[in-house]
Amino acid sequence: DAGITQSPRHKVTETGTPVTLRCHQTENHRYMYWYRQDPGHGLRLIHYSYGVKDTDKGEVSDGYSVSRSKTEDFLLTLESATSSQTSVYFCAISEGTSYNEQFFGPGTRLTVL
Amino acid sequence: AQSVSQHNHHVILSEAASLELGCNYSYGGTVNLFWYVQYPGQHLQLLLKYFSGDPLVKGIKGFEAEFIKSKFSFNLRKPSVQWSDTAEYFCAVNARGYQKVTFGTGTKLQVIP
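Line by line, the protein sequences give chains C and X.
Here the numbering used here = 1-based position in the first sequence + 1.
Here the numbering used here = 1-based position in the second sequence + 2.
Simulated from the structure, these hints should not be mistaken for laboratory data.
One or more hints might be untrue.
Taking lysine-lysine and the DSS-like style, the derived pairs with C-alpha atoms no more than 25 Å apart in a straight line are [what the hints assert, rightly or not]:
1) Lys102(X) - Lys58(C)
2) Lys110(X) - Lys51(X)
3) Lys71(C) - Lys58(C)
4) Lys63(X) - Lys51(X)
5) Lys102(X) - Lys60(X)
6) Lys54(C) - Lys102(X)
7) Lys63(X) - Lys110(X)
8) Lys71(C) - Lys102(X)
9) Lys12(C) - Lys58(C)
None of the values given here were measured: they were computed from a predicted structure.
Work the whole structure out from these sequences, hints included.
Next up, the structure:
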């Protein structure tokens with residue numbers, strides 16, 4: 002398995018509170034991604050990064066922000082969590098070649114009450 | 003933009019039955035194609051991939067997929083399923099040279115002993 006860790010693995014929080022999820026990689030891959038997984042929707046891209054301090058939006062970016070200050074770390078922040086953000090969040094990495102094979106982290110299950 | 007359709011949302015098979023899961027994509031250019039598997043409670047793992055060459059690709063655990071360009075399809079097959087194949091299967095497509103991957107909504111496979 003690729004060296005990807007996510008923290009925390011589980012979190013329960015209340016509506017309106019800020020939440021930060023961390024993805025850490027040891028592969029030195031250039032690209033990092035945040036997805037959310039919901040029943041009936043598969044995986045949907047929230048944000049991705051193509052280098053330190055270089056990020057772009059995915060298809061479901063509203064209510065989320067990201068930061069990447071080091072190659073190995075990619076943070077996802079929910080500024081003010083809502084119940085609709087209850088989901089399982091997966092981080093993924095890729096080398097950034099033309100073939101873009103992605104490797105996934107173990108996931109974070111977030112519940113917003 | 004690319005899109006992916008998985009027509010079967012839930013498939014139930016008996017052990018030793020043959021499996022075929024449908025995947026169709028829409029994109030006019032060159033694509034990379036993937037099948038990922040997610041076992042219960044786990045993260046996504048790459049099952050197989052197609053970049054170029056022989057349109058029949060073999061993956062891990064006896065799975066294979068066939069790329070039919072004229073039909074924009076990349077169906078997953080296995081001649082004889084096992085109980086341990088119970089999982090959710092995701093088809094994904096990536097436009098060659100771009101870094102975003104689009105996932106289908108997934109097919110849950112349940113294999114009955």
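Worksheet item: When you check the alpha-carbon spacing of Lys71(C) and Lys102(X), does it fall within 25 Å?
Response: 21 Å, holds
Discussion item. Between the alpha carbons of Lys110(X) and Lys51(X), is the straight-line distance 25 Å or under?
Written reply: 20 Å, holds
Worksheet item: CA of Lys63(X) to CA of Lys51(X), is that 25 Å or under?
Response: 14 Å, holds
Fill in: Restraint status (C-alpha distance of Lys54(C) to Lys102(X) at most 25 Å)
Cα-Cα ~18 Å, so holds.
Practice prompt. Quickly compare the C-alpha distance for Lys63(X) and Lys110(X) to 25 Å and report which way the hint goes.
Written response: With Cα atoms ~17 Å apart, Lys63(X) and Lys110(X) stay inside 25 Å; holds.
Worksheet item: Does Lys102(X) pair with Lys60(X) here, judged by a C-alpha cut-off of 25 Å?
Response: Holds, because 24 Å separates the two Cα atoms, which is no more than 25 Å.
Fill in: Holds or violated: Lys102(X) to Lys58(C), with C-alpha atoms at most 25 Å apart
10 Å, holds
Item to complete: With a cut-off of 25 Å on the C-alpha distance, tell me whether Lys12(C) and Lys58(C) pass.
Response: Judged against 25 Å, a Cα distance of about 24 Å means the pair holds.
Practice prompt. Take the C-alpha atoms of Lys71(C) and Lys58(C), compute the straight-line distance between them, and say whether it is at most 25 Å.
Written response: 19 Å, holds
Going through the hint list in order, the structure satisfies each hint without exception.
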